[in-house]
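Please put together the full structure from these sequences, using the hints given.
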Amino acid sequence: MSELDQQVDHNEHEHHIVSPVVYLTIVLALLVGTGLTVWASYIDLGEWHIAPGLTLFWNPVVALAIACTKMTLVVLFFMHVKYSTRLTKLTVVCGLFTFLALVGMTMTDYFSRAWGRW
Amino acid sequence: MSDSTAISNSAAADVGHSHHGEHPPYQRHHFETVEQQADTTNFAMWLFLLTEVMFFGGLFTAYMIMRNWYYPAFVEASHQLNIGWGSANTAVLILSSFTMAMGVWSAEMRKKGMLVLFLSLTFILGLAFLGIKSIEYHEKWVKHHVPGLHWSDASFLNPASDPEVHKDYPGDKPLQSDMAEKTQMYFFLYFAMTGMHALHMIIGISILGFMIVRARAGAYTTGHVNYVENFGLYWHFVDIIWIFLFPLLYLISRH
Numbered sequence: 001m002s003e004l005d006q007q008v009d010h011n012e013h014e015h016h017i018v019s020p021v022v023y024l025t026i027v028l029a030l031l032v033g034t035g036l037t038v039w040a041s042y043i044d045l046g047e048w049h050i051a052p053g054l055t056l057f058w059n060p061v062v063a064l065a066i067a068c069t070k071m072t073l074v075v076l077f078f079m080h081v082k083y084s085t086r087l088t089k090l091t092v093v094c095g096l097f098t099f100l101a102l103v104g105m106t107m108t109d110y111f112s113r114a115w116g117r118w
Numbered sequence: 001m002s003d004s005t006a007i008s009n010s011a012a013a014d015v016g017h018s019h020h021g022e023h024p025p026y027q028r029h030h031f032e033t034v035e036q037q038a039d040t041t042n043f044a045m046w047l048f049l050l051t052e053v054m055f056f057g058g059l060f061t062a063y064m065i066m067r068n069w070y071y072p073a074f075v076e077a078s079h080q081l082n083i084g085w086g087s088a089n090t091a092v093l094i095l096s097s098f099t100m101a102m103g104v105w106s107a108e109m110r111k112k113g114m115l116v117l118f119l120s121l122t123f124i125l126g127l128a129f130l131g132i133k134s135i136e137y138h139e140k141w142v143k144h145h146v147p148g149l150h151w152s153d154a155s156f157l158n159p160a161s162d163p164e165v166h167k168d169y170p171g172d173k174p175l176q177s178d179m180a181e182k183t184q185m186y187f188f189l190y191f192a193m194t195g196m197h198a199l200h201m202i203i204g205i206s207i208l209g210f211m212i213v214r215a216r217a218g219a220y221t222t223g224h225v226n227y228v229e230n231f232g233l234y235w236h237f238v239d240i241i242w243i244f245l246f247p248l249l250y251l252i253s254r255h
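Here the protein sequences come in this chain order: P and S. When we follow this note's numbering, the leftmost residue of the first sequence carries the number 1, and every step to the right adds one. When we follow this note's numbering, the leftmost residue of the second sequence carries the number 1, and every step to the right adds one.
Wrong hints could be hidden among the right ones.
[Said to hold, decoys possible] Computed list of lysine to any residue pairs in SDA-like fashion (alpha-carbon distance at most 25 Å, straight line): (1) 133/S - 31/P; (2) 111/S - 23/P; (3) 133/S - 47/S; (4) 133/S - 60/P; (5) 89/P - 51/S; (6) 82/P - 47/S; (7) 89/P - 143/S; (8) 111/S - 22/P; (9) 111/S - 64/P; (10) 82/P - 53/S; (11) 89/P - 57/S; (12) 82/P - 244/S; (13) 112/S - 17/P; (14) 89/P - 55/S; (15) 173/S - 57/P; (16) 173/S - 52/P; (17) 167/S - 23/P; (18) 89/P - 40/S; (19) 143/S - 131/S; (20) 133/S - 203/S.
Hints are computed from structural coordinates only; laboratory data are not their basis. Owing to the predicted nature of the structure, the values given are computational and were not obtained by experimental measurement.
See below:
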């Protein structure tokens, strides 16, 4: 781990040029992901009744999971975060965390306003 | 974000040395080294993108809450969107992200012709996206689905009155008038989110036009790729927004 870290530190200030082969692989994966999410939307994936009045539909869950995977590929490879400095990596993760915290806390509020009166 | 200048390659070879007077002309004086300048502008670009995440995050959150409140209205309203156009636009935008990434690679490899080619392809794909989007907007206008401006509840009060959509979604029941009017909230968010996204595309395409002119004059291919690279981050970010808009607006309400 520490050896790898040192290597990363050493390479941090060398400009990493990502090969077109990587870009081509990623764009193909993104197009496959798009086809997959459209295909999945035509199938009824059912639902999960967690509690009375509280239901989780699987279609949106699958669609968002595919979208998150596509986003990760774009961020890591097209946006070079995989090859970026630790500062950039930390910035991206902090941004994602803040976004999820803000959305998550807003949703807990809306979700619990009418608790038990569904 | 500093712009690049057409310079000779010998100046670029000086990268890494900070002796006063010996740095390449594109290195600003307040930076110790070219690497520091590149890291700093990259960091700044990411901070800008995080503010954009917060901005679009508000819209996504509003969509999530409203969809839960007015679920039947959101489901039937989203059936008005054409999955074919939406999928085509997703593919166009993903391809434009690929050509943009290849543009950055061309700049890094100092291939001027390739850079101009890939920037131009990105420009054209960006315009294609807006073209498809305008076909969809036009259809919304024709069908009176522009809330507050050109609006009619007919498709939702009586789904059979809209045979094109009804044949694909025969299970859609007529909505009560109070729920039917909530479809306006769906279309309001549809126009707000895709409109804001389209505005980002228009800004991106304008900057691309500027970059194509500069690249043809020899900029960006002399070792200074910051500008192209940081613009690439913006373009890929706009792509990511669409990667989420597409399933949320077009796909998840089919079932």
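So, going through the hints one by one against the coordinates:
1. A C-alpha spacing of about 19 Å is found between residue 133/S and residue 31/P, which places the hinted pair at or below 25 Å, so the restraint holds.
2. Straight-line distance between C-alpha atoms of residue 111/S and residue 23/P comes to about 17 Å, which keeps the hinted pair within the 25 Å bound.
3. A distance of roughly 29 Å separates the Cα atoms of residue 133/S and residue 47/S; the hinted pair therefore is violated under the 25 Å criterion.
4. Of the pairs offered as hints, the one joining residue 133/S and residue 60/P holds, with about 23 Å between alpha carbons and a cut-off of 25 Å not exceeded.
5. Between the alpha carbons of residue 89/P and residue 51/S the distance comes to roughly 16 Å, so the proposed pair stays at or under 25 Å and holds.
6. Pair hint residue 82/P plus residue 47/S holds up; C-alpha atoms about 17 Å apart against a cutoff of 25 Å.
7. Under the criterion of a C-alpha separation no larger than 25 Å, the hint pairing residue 89/P with residue 143/S is inconsistent with the structure, at around 46 Å.
8. With a C-alpha separation of about 19 Å, the suggested pairing of residue 111/S with residue 22/P holds against the 25 Å cut-off.
9. Restraint check for residue 111/S and residue 64/P: not satisfied, since their Cα atoms lie roughly 38 Å apart, outside the 25 Å limit.
10. Proximity of residue 82/P to residue 53/S is assessed by CA-CA distance (about 20 Å); at most 25 Å being required, the pair is judged to hold.
11. Proximity of residue 89/P to residue 57/S is assessed by CA-CA distance (about 20 Å); at most 25 Å being required, the pair is judged to hold.
12. Under the criterion of a C-alpha separation no larger than 25 Å, the hint pairing residue 82/P with residue 244/S is consistent with the structure, at around 22 Å.
13. Restraint check for residue 112/S and residue 17/P: satisfied, since their Cα atoms lie roughly 16 Å apart, inside the 25 Å limit.
14. Distance check on the hinted pair: residue 89/P and residue 55/S sit about 21 Å apart at the alpha-carbon level, within 25 Å; holds.
15. Of the pairs offered as hints, the one joining residue 173/S and residue 57/P holds, with about 20 Å between alpha carbons and a cut-off of 25 Å not exceeded.
16. Only pairs whose Cα atoms come within 25 Å are accepted, and residue 173/S paired with residue 52/P is accepted, the gap being roughly 24 Å.
17. Restraint check for residue 167/S and residue 23/P: not satisfied, since their Cα atoms lie roughly 41 Å apart, outside the 25 Å limit.
18. For the hint linking residue 89/P to residue 40/S, the alpha-carbon distance of about 14 Å falls within 25 Å, and the restraint holds.
19. Between residue 143/S and residue 131/S the CA atoms are separated by roughly 19 Å; this keeps the pair inside 25 Å, and the hint holds.
20. For the hint linking residue 133/S to residue 203/S, the alpha-carbon distance of about 16 Å falls within 25 Å, and the restraint holds.
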